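Which chain is which? The protein sequence lines are B and P, in order. Residue 114 in the numbering used here is what sits at position 113 of the first sequence, and the numbering runs on without skipping anything. Residue 384 in the numbering used here is what sits at position 47 of the second sequence, and the numbering runs on without skipping anything.
Because the hints were derived from the structure by calculation, they are not lab data. Please note that a few of the clues may not be correct.
Claimed, not checked - If we take Cβ atoms under 7 Å as the criterion, some of the chain B residues that face chain P in the derived model are: (1) 46; (2) 57; (3) 58; (4) 309; (5) 336; (6) 342; (7) 397; (8) 401; (9) 402; (10) 423; (11) 436.
Said to hold, decoys possible - Simulated pairs of lysine-lysine, PhoX-like, Cα-Cα distance not exceeding 20 Å: (12) B:125 <-> B:31; (13) P:415 <-> P:447; (14) P:416 <-> B:433; (15) P:340 <-> B:55; (16) P:447 <-> B:55; (17) B:155 <-> B:81; (18) B:433 <-> B:384; (19) B:55 <-> P:453; (20) B:128 <-> B:148; (21) B:125 <-> B:4; (22) B:128 <-> B:31; (23) P:429 <-> P:416; (24) B:4 <-> B:81; (25) P:453 <-> B:433; (26) B:125 <-> B:55.
Given the structure is predicted, the values throughout are model-derived calculations rather than measurements. By construction, the Cβ of each residue, glycine as well, lies at the ideal position given by its N, Cα and C atoms.
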Amino acid sequence: MEKTDYLIIGNSAAGINAAEAIREQDGRGKVIILTEESYLNYSKPLITYYLAGKIPIEQTGWQQGDFYSRLDIDIRLNTKIVHLDVEQKKAISASGDKFGFQKALIATGGSPIIPAIEVDGGKKLDKKLINRAENIFTLTTLEDARKLKAYIEKNGVEKATILGGGLIGLKAAEAFLELGLRIELIELSDRILSATFDKQASSIVEERIRDLNSNIFTQNTIEKIYMEGNRITKAQLTDGSNIDCQVLVVAVGVAPEVPFVDSGALDTDRGIKVNQFMETSAPEIFAAGDVVQARDILAGEDRNIAIWPLAVMQGKTAGLNMAGSHYAYGGGFFMNSVEILGVSSISMGLTSLEPDDSRKVEVLSQFKPESNYYKKIIIRENKVVGAILVGAIERAGIYAGLIKNGIDVSNIRDNIISENFGLIQLPADYQKHLVVGEGIEV
Amino acid sequence: MKKIYIQEEYCIGCRLCEIYCQVKHSKSKKIIKAFKSEQGQLMPRVLVEEIGHNSFAIQCRHCVDAPCVDACISGAMKKNISTGVVTCDQDKCVGCWSCIMVCPYGAISKDPGERKIASKCDLCEDEEIPVCVSNCPNEALKFMDMEDK
Numbered sequence: 002m003e004k005t006d007y008l009i010i011g012n013s014a015a016g017i018n019a020a021e022a023i024r025e026q027d028g029r030g031k032v033i034i035l036t037e038e039s040y041l042n043y044s045k046p047l048i049t050y051y052l053a054g055k056i057p058i059e060q061t062g063w064q065q066g067d068f069y070s071r072l073d074i075d076i077r078l079n080t081k082i083v084h085l086d087v088e089q090k091k092a093i094s095a096s097g098d099k100f101g102f103q104k105a106l107i108a109t110g111g112s113p114i115i116p117a118i119e120v121d122g123g124k125k126l127d128k129k130l131i132n133r134a135e136n137i138f139t140l141t142t143l144e145d146a147r148k149l150k151a152y153i154e155k156n157g158v159e160k161a162t163i164l165g166g167g168l169i170g171l172k173a174a175e176a177f178l179e180l181g182l183r184i185e186l187i188e189l190s191d192r193i194l195s196a197t198f199d200k201q202a203s204s205i206v207e208e209r210i211r212d213l214n215s216n217i218f219t220q221n222t223i224e225k226i227y228m229e230g231n232r233i234t235k236a237q238l239t240d241g242s243n244i245d246c247q248v249l250v251v252a253v254g255v256a257p258e259v260p261f262v263d264s265g266a267l268d269t270d271r272g273i274k275v276n277q278f279m280e281t282s283a284p285e286i287f288a289a290g291d292v293v294q295a296r297d298i299l300a301g302e303d304r305n306i307a308i309w310p311l312a313v314m315q316g317k318t319a320g321l322n323m324a325g326s327h328y329a330y331g332g333g334f335f336m337n338s339v340e341i342l343g344v345s346s347i348s349m350g351l352t353s354l355e356p357d358d359s360r361k362v363e364v365l366s367q368f369k370p371e372s373n374y375y376k377k378i379i380i381r382e383n384k385v386v387g388a389i390l391v392g393a394i395e396r397a398g399i400y401a402g403l404i405k406n407g408i409d410v411s412n413i414r415d416n417i418i419s420e421n422f423g424l425i426q427l428p429a430d431y432q433k434h435l436v437v438g439e440g441i442e443v
Numbered sequence: 338m339k340k341i342y343i344q345e346e347y348c349i350g351c352r353l354c355e356i357y358c359q360v361k362h363s364k365s366k367k368i369i370k371a372f373k374s375e376q377g378q379l380m381p382r383v384l385v386e387e388i389g390h391n392s393f394a395i396q397c398r399h400c401v402d403a404p405c406v407d408a409c410i411s412g413a414m415k416k417n418i419s420t421g422v423v424t425c426d427q428d429k430c431v432g433c434w435s436c437i438m439v440c441p442y443g444a445i446s447k448d449p450g451e452r453k454i455a456s457k458c459d460l461c462e463d464e465e466i467p468v469c470v471s472n473c474p475n476e477a478l479k480f481m482d483m484e485d486k
């Protein structure tokens with residue numbers, strides 16, 4: 002059995018940032034990163050940019066090629082861990098390799114959820130069937146994107162069907178539309194991006210998509226699919242309509258990919274539970290990124306928020322603590338940036354709160370249909386807790402700062418929604434902190 | 338590291354910092370060309386905010402723990418470990434606007450040029466003193482190490 006000081010399972014945002022943080026603290030300890038994938042490293046959010054043809058496949062790697070050698074990190078590709086023994090502190094791969102460790106980080110991310118849609122002939126849709134099918138795809142790895150892109154190019158696909166109007170579904174839509182394909186988007190709720198958009202924001206983006214000779218079916222899902230050999234040909238929706246499918250992308254969501262452990266060995270809920278140092282319930286086992294349930298500063302409880310910036314911060318936090326520092330994760334909140342052919346949007350925090358006097362929720366908004374401009378700020382107990390910006394996203398981060406720092410905005414309430422809102426309108430103390438203070442402690 | 342410090346009590350909102358920044362980051366480096374023929378392709382990377390007599394010029398703070406670097410999905414936004422300067426590699430940037438989403442200063446913009454990339458202060462790395470500082474008539478911007486303040 003191979004032995005290492007630090008074993009990192011997962012080679013994306015959390016894993017790589019953890020490795021880097023470990024090296025900052027400990028220049029000598031042995032670090033092994035394991036990944037089940039066959040690529041050295043790539044940025045998951047970039048796969049749809051590659052799909053859209055905006056960047057070549059080489060540019061999806063976000064760390065330079067010498068990252069591993071420069072930091073003296075041992076990287077093992079094509080190594081999937083099938084059993085993590087947290088008591089004996091060893092991990093076993095699918096091919097039987099054993100890794101003993103002092104400390105381990107679980108940074109395995111998430112895997113796509115596959116709804117058990119009926120397949121004509123009596124089967125149900127599952128991972129195996131998707132792998133076998135020529136034109137049904139999930140879209141969470143570079144390999145997914147590579148296969149999908151190759152299929153589209155080889156078969157002259159003109160229309161793509163997307164199941165799911167969430168983050169991945171919309172990123173896929175963005176890419177397909179850039180490629181000049183028509184899309185058909187099927188979403189269970191009453192609007193796209195329902196987790197972060199309100200009806201108004203969604204309708205701006207939905208209209209933009211419909212303008213492009215494409216279609217959106219809300220409050221709908223796929224009931225049944227029809228195959229010819231290994232190809233999907235048709236999908237039947239809940240409302241009874243049938244649509245022809247040239248390709249189908251299944252993008253209904255992602256679930257934490259918790260590695261196999263003995264029952265009760267790790268506390269999990271919607272993801273692996275961690276404390277503020279990213280420690281799991283098992284000693285010397287840490288977890289970070291899309292696989293965890295960590296502090297959400299707005300919800301007042303721990304939640305699984307699978308977004309890149311938080312995976313980076315959690316990875317760094319885990320790495321520092323694994324190497325003996327005592328560094329707490331400050332928590333985060335959901336945020337998202339998406340652009341559909343020229344209409345950019347950023348949403349963050351609790352965007353679906355309704356005005357409510359008893360809970361002291363105020364909602365301020367401004368909509369200019371002629372320019373696709375929409376801004377909405379949600380305030381709870383005099384603090385900003387959510388923001389949606391569509392059409393003009395400049396300076397969106399100022400709102401993120403207000404949310405993160407819990408700034409009382411009661412005195413600037415009238416300005417906060419204005420189009421040219423900037424630092425100069427901020428409450429005096431906070432403004433002074435930003436403008437005169439050194440660097441950032443926020 | 339040396340950073341730009343804002344002394345808002347001396348700022349009169351003359352916007353010379355914006356003008357010199359725009360010229361510095363133009364192709365021609367000539368003021369007339371930068372504001373005429375390159376118009377629409379350029380914008381300053383420093384922003385003067387002003388209400389009444391209050392004004393200040395804000396540009397990237399080159400944060401110690403820069404949220405834009407953490408949020409960057411392409412590896413374009415990097416902090417130089419030896420100089421502390423945060424810069425956006427234009428070849429790598431894909432224009433996802435994650436940096437705009439997280440910068441609490443609102444100091445990153447969409448580049449107005451043809452490519453979808455982020456635009457921000459680079460501290461005029463090839464100059465001894467950033468042009469916004471050296472051309473401020475009032476020392477409302479100062480370039481120094483905090484220890485020397």
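For each hint, the structure was consulted:
Because the smallest distance between the Cβ of residue 46 of chain B and any Cβ of chain P comes to about 4 Å, under 7 Å, the interface hint for this residue holds. The beta carbon of residue 57 of chain B is not positioned within 7 Å of any beta carbon in chain P (closest approach about 11 Å), and the interface hint is therefore violated. Using the Cβ-Cβ criterion of 7 Å, the hint placing residue 58 of chain B at the interface with chain P is not satisfied: the shortest such distance is roughly 14 Å. Taken as an interface hint, residue 309 of chain B checks out: its beta carbon lies about 5 Å from the nearest beta carbon of chain P, inside 7 Å.
Against a cut-off of 7 Å between C-beta atoms, the interface hint on residue 336 of chain B holds, since the closest Cβ of chain P lies about 6 Å away. Against a cut-off of 7 Å between C-beta atoms, the interface hint on residue 342 of chain B is violated, since the closest Cβ of chain P lies about 12 Å away. Hint status for residue 397 of chain B: holds, given a least beta-carbon distance of 5 Å to chain P, under 7 Å. Annotation: interface hint on residue 401 of chain B holds; nearest CB of chain P at approximately 5 Å, less than 7 Å.
Look at residue 402 of chain B: its Cβ gets to within about 3 Å of chain P, closer than 7 Å, so that hint holds up. About 5 Å separates the beta-carbon of residue 423 of chain B from the nearest beta-carbon of chain P, less than 7 Å, and the hint is met. Residue-level restraint check for residue 436 of chain B holds (minimum Cβ-Cβ distance to chain P is 5 Å; threshold 7 Å). The hinted pair formed by residue 125 of chain B and residue 31 of chain B fails the criterion: a straight-line CA distance of about 45 Å is larger than 20 Å.
Between residue 415 of chain P and residue 447 of chain P the alpha-carbon distance is near 17 Å, which keeps this suggested pair within the 20 Å criterion. With a C-alpha separation of about 25 Å, the suggested pairing of residue 416 of chain P with residue 433 of chain B is violated against the 20 Å cut-off. A threshold of 20 Å between alpha carbons decides the hint, and for residue 340 of chain P with residue 55 of chain B the separation of about 35 Å lies outside it, so the pair is violated. Proximity of residue 447 of chain P to residue 55 of chain B is assessed by CA-CA distance (about 17 Å); at most 20 Å being required, the pair is judged to hold.
With a CA separation close to 31 Å, the supplied pair residue 155 of chain B and residue 81 of chain B exceeds the 20 Å bound. For the hint pairing residue 433 of chain B with residue 384 of chain B, the CA-to-CA distance comes to about 18 Å; that is within 20 Å, so the pair holds. Of the supplied pair hints, the one linking residue 55 of chain B and residue 453 of chain P holds, its CA atoms being roughly 10 Å apart against a limit of 20 Å. For the hint pairing residue 128 of chain B with residue 148 of chain B, the CA-to-CA distance comes to about 15 Å; that is within 20 Å, so the pair holds.
A threshold of 20 Å between alpha carbons decides the hint, and for residue 125 of chain B with residue 4 of chain B the separation of about 42 Å lies outside it, so the pair is violated. With a C-alpha separation of about 35 Å, the suggested pairing of residue 128 of chain B with residue 31 of chain B is violated against the 20 Å cut-off. Only pairs whose Cα atoms come within 20 Å are accepted, and residue 429 of chain P paired with residue 416 of chain P is accepted, the gap being roughly 14 Å. Proximity of residue 4 of chain B to residue 81 of chain B is assessed by CA-CA distance (about 17 Å); at most 20 Å being required, the pair is judged to hold.
With a C-alpha separation of about 32 Å, the suggested pair residue 453 of chain P and residue 433 of chain B falls outside the 20 Å cut-off, and the hint is violated. Proximity of residue 125 of chain B to residue 55 of chain B is assessed by CA-CA distance (about 35 Å); at most 20 Å being required, the pair is judged violated.
The earlier numbered hints that this structure contradicts are 2, 3, 6, 12, 14, 15, 17, 21, 22, 25, 26.
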